[in-house]
Amino acid sequence: MRQLLSIEYSKLKSLNAIKIILIIYMIIVPLFMYVASEFLYGILFPALKQPQPGVEPGTFVFNYPQIWEFPEMLKYTFYCASYFHVLVSLILVIIVSNEFSFRTAKQNIIDGMTKKQLIFSKLAILLFLSVFVTLYNCLLALVLGLINSDTVNLYENSHYIFVFFFQSFCYFSIALFFVTVIRHTAMSLVTVIVFPVVDFIAGKIVPPMIYVFFPLNIFSTLTPSPIRKEILQLEESQSKQKILELELWQLIGLSAAFVLILYFVSYISLKKRDL
Amino acid sequence: MEILKLDQFSDRMEETILEISNLKKVYKDTTAVRNLSISVQKGQVFGLLGPNGSGKTTTLGIILGVLRQTSGSFSWFGNGDKDENRKRIGALLETPNFYPYLSAWDNLVVVAKIKGMTEYDGRIEEILKRVNLYERRKSKFKTFSLGMKQRLALASTMINDPDIYVLDEPTNGLDPEGIAEIRTIILEIAKEGKTIIIASHILDEIEKVCTHAAILRKGELLQTGSIREILTQERLVMLKAPDLRALAEALKNFPECGFVKEEGGELLVSLNENVDPSEINKKLSSQGIYLSGIKEHRKNLESTFLEIIKDN
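Chains as they are written, first to last, in the numbering used here: chain A, 1 to 275; chain B, 1 to 312.
Hints are computed from structural coordinates only; laboratory data are not their basis.
Among the hints, erroneous ones may be present.
[To be verified] Quick list of the computed label-pair ranges, beta carbon to beta carbon: (1) 80/B / 269/A: 23 to 33 Å; (2) 31/A / 139/B: 33 to 43 Å; (3) 250/A / 121/B: 48 to 58 Å; (4) 207/A / 117/B: 42 to 52 Å; (5) 175/B / 135/A: 46 to 56 Å.
[Said to hold, decoys possible] The calculated lysine to any residue pairs, modelled on SDA-like cross-linking and capped at a C-alpha distance of 20 Å, are: (6) 122/A / 273/A; (7) 272/A / 87/B; (8) 113/B / 102/A; (9) 138/B / 16/A; (10) 138/B / 14/A; (11) 240/A / 53/A; (12) 87/B / 6/A; (13) 142/B / 102/A; (14) 28/B / 269/A; (15) 142/B / 101/A; (16) 87/B / 5/A; (17) 204/A / 239/A.
[Stated by the list, open to error] A few chain A residues that face chain B, going by a derived Cβ cut-off under 8 Å, partial list only: (18) 6; (19) 11; (20) 102; (21) 110; (22) 150; (23) 152; (24) 221; (25) 266; (26) 269; (27) 270; (28) 274.
Treat the numbers as computed from the prediction; the structure is a model and nothing was measured.
We put the beta carbon where it would ideally sit given N, CA and C, even for glycine.
Whole structure, please, built from the sequences with the hints as guidance.
Below you can see the structure in the form of structure tokens.
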């Protein structure tokens, strides 16, 4: 494995696109956190304090979540960062589709790599990216939390670190799946970017009971918005319907199952087709 | 036509580097390789010849692990088709494939690492100088001309000093100077006792470097053996007469003649073995056609190749 990482490092160290995208990511996440916070505190939270249509006054009580305080800080950071998983997954798409379009995947095989090693190399990059975003956001949460928070509570939501790592792994795996099957650089990029949009639109069309099981919805629920419970409660009161809410362990299980299917299909695709 | 495999029965104990048995590759609408069996011994410079579409690149693709055969098998060093064999082979298949944004040096570092080399700086410097690319070692691959790309590809085959080379059209895109350079390098490598498998159309070059050859057409093996054996297929003569057309017409009906090709105002004619040119002269004169010139033509691979292809 170390040898594979060494090989990938030699291939990628001068690829500037990677560095640029990562720098954009590192700037845009804290930026988004501040901007979203302004929106939440400025518009959304006050709106939720008002009496809601279709709901009897007094049944829905909204308390401002303390997203800049420590226990919530980590969750809020991860929630904001999860919007940009697609951005980082583009790095993976570029790297893998390059190997197809330059025909260097074929050349690696001729030079002596096995197909398994080829796959593991790309998985190693995927894991590296997951580790990178997780560590970065932990650091971000720590720093911003220390700046803004009075109390320091590092342990309460720390299991979310693993959840976020797992979530990033899932998102990147979807990108890896698409690029392995599609292979063409532009088409893969388009698919990876448009897929979340399609999922979102589908969510507006499909009945809520089914949408709960849509893959991207499951992934994104792993890092819920700070006011998710309240919004769901509101929707339930308004529509008088109970919306199914999955436990964390159920979400993780379903995500893992879905990702395993993706890997299986990717593997078959790689094995059967010529390079 | 009978397939000659005389070297298989030679009494030297030779090590079989590559054994291909009944290889077959079928695509949706065409059979690229059918029932191909070839044996390459250690130290041979083995040429794979054939017109476009004869299955050379497909065969090389299969034995290098890039394509999967429909049926049949191959074995390197008696070790089957295991992936690890490829680390002992320096191969150049079709076009040179490198990372455009990496320099020549960095590209070779990638190849070195894949082959499992831990110390490679000295070796990379050495082979870049050998293919005349040392000055451009820091330039990005995408800035290279076709000839330079080809030379870098050749360099990458040599990087871990393998025992076997597999080269698909190594002189592709090179000017005469480049072709001569490649030829020199190949001959130097051959002198070191390495085994080289070359696929090429440039029959002149094959004749200059190869010791053995296999001729393919439409995926089938037509003939294999040492260059010497292949070249002694028939004799060639250059015939001249005042009326070339009449001469050609007459020759067409002669069973002793193989092919007839016009070259620079003369006719290049191949005769079966044991046919004396004077017999032809006699037959022609009895038909009222008198030759103004008759001379033995040096056998070369190109005419042999055409002859064999035509026969089948």
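Given residue 269/A was flagged as interface, is its beta-carbon under 8 Å from a beta-carbon of chain B?
14 Å, violated
Given the hint of 48 to 58 Å, check if residue 250/A and residue 121/B actually sit that far apart at their C-beta atoms.
54 Å, holds
Does residue 274/A pass the interface check with chain B, least Cβ-Cβ distance below 8 Å?
6 Å, holds
Hold the hint about residue 152/A up to the distance rule: shortest CB distance to chain B must be less than 8 Å.
This hint is violated: residue 152/A lies away from chain B, its Cβ roughly 45 Å from the closest one there, beyond 8 Å.
Within 20 Å, alpha carbon to alpha carbon, are residue 240/A and residue 53/A?
13 Å, holds
Chain B contact restraint for residue 6/A - C-beta distance below 8 Å
It holds, given that the least Cβ distance between residue 6/A and chain B is near 6 Å, below 8 Å.
Note whether the CB distance of residue 207/A and residue 117/B lies within 42 to 52 Å or breaks it.
60 Å, violated
Just to be sure I understand the hint, the distance between the Cβ atoms of residue 31/A and residue 139/B should be within 33 to 43 Å; is that true here?
Holds - the Cβ-Cβ distance for residue 31/A and residue 139/B, about 39 Å, lies within 33 to 43 Å.
Restraint status (C-alpha distance of residue 28/B to residue 269/A at most 20 Å):
Holds. Residue 28/B to residue 269/A sits at ~18 Å (cutoff 20 Å).
Chain B contact restraint on residue 150/A - CB to CB distance below 8 Å:
49 Å, violated
Under the criterion that the straight-line Cα-Cα distance not exceed 20 Å, is the pair residue 204/A, residue 239/A satisfied?
15 Å, holds
Verify the proposed pairing of residue 87/B with residue 6/A, using a straight-line Cα cut of 20 Å.
Within the cut-off at roughly 17 Å; holds.
Checked against the numbered hints given earlier, this structure breaks hints 4, 7, 22, 23, 24, 25, 26 and 27; the rest are met.
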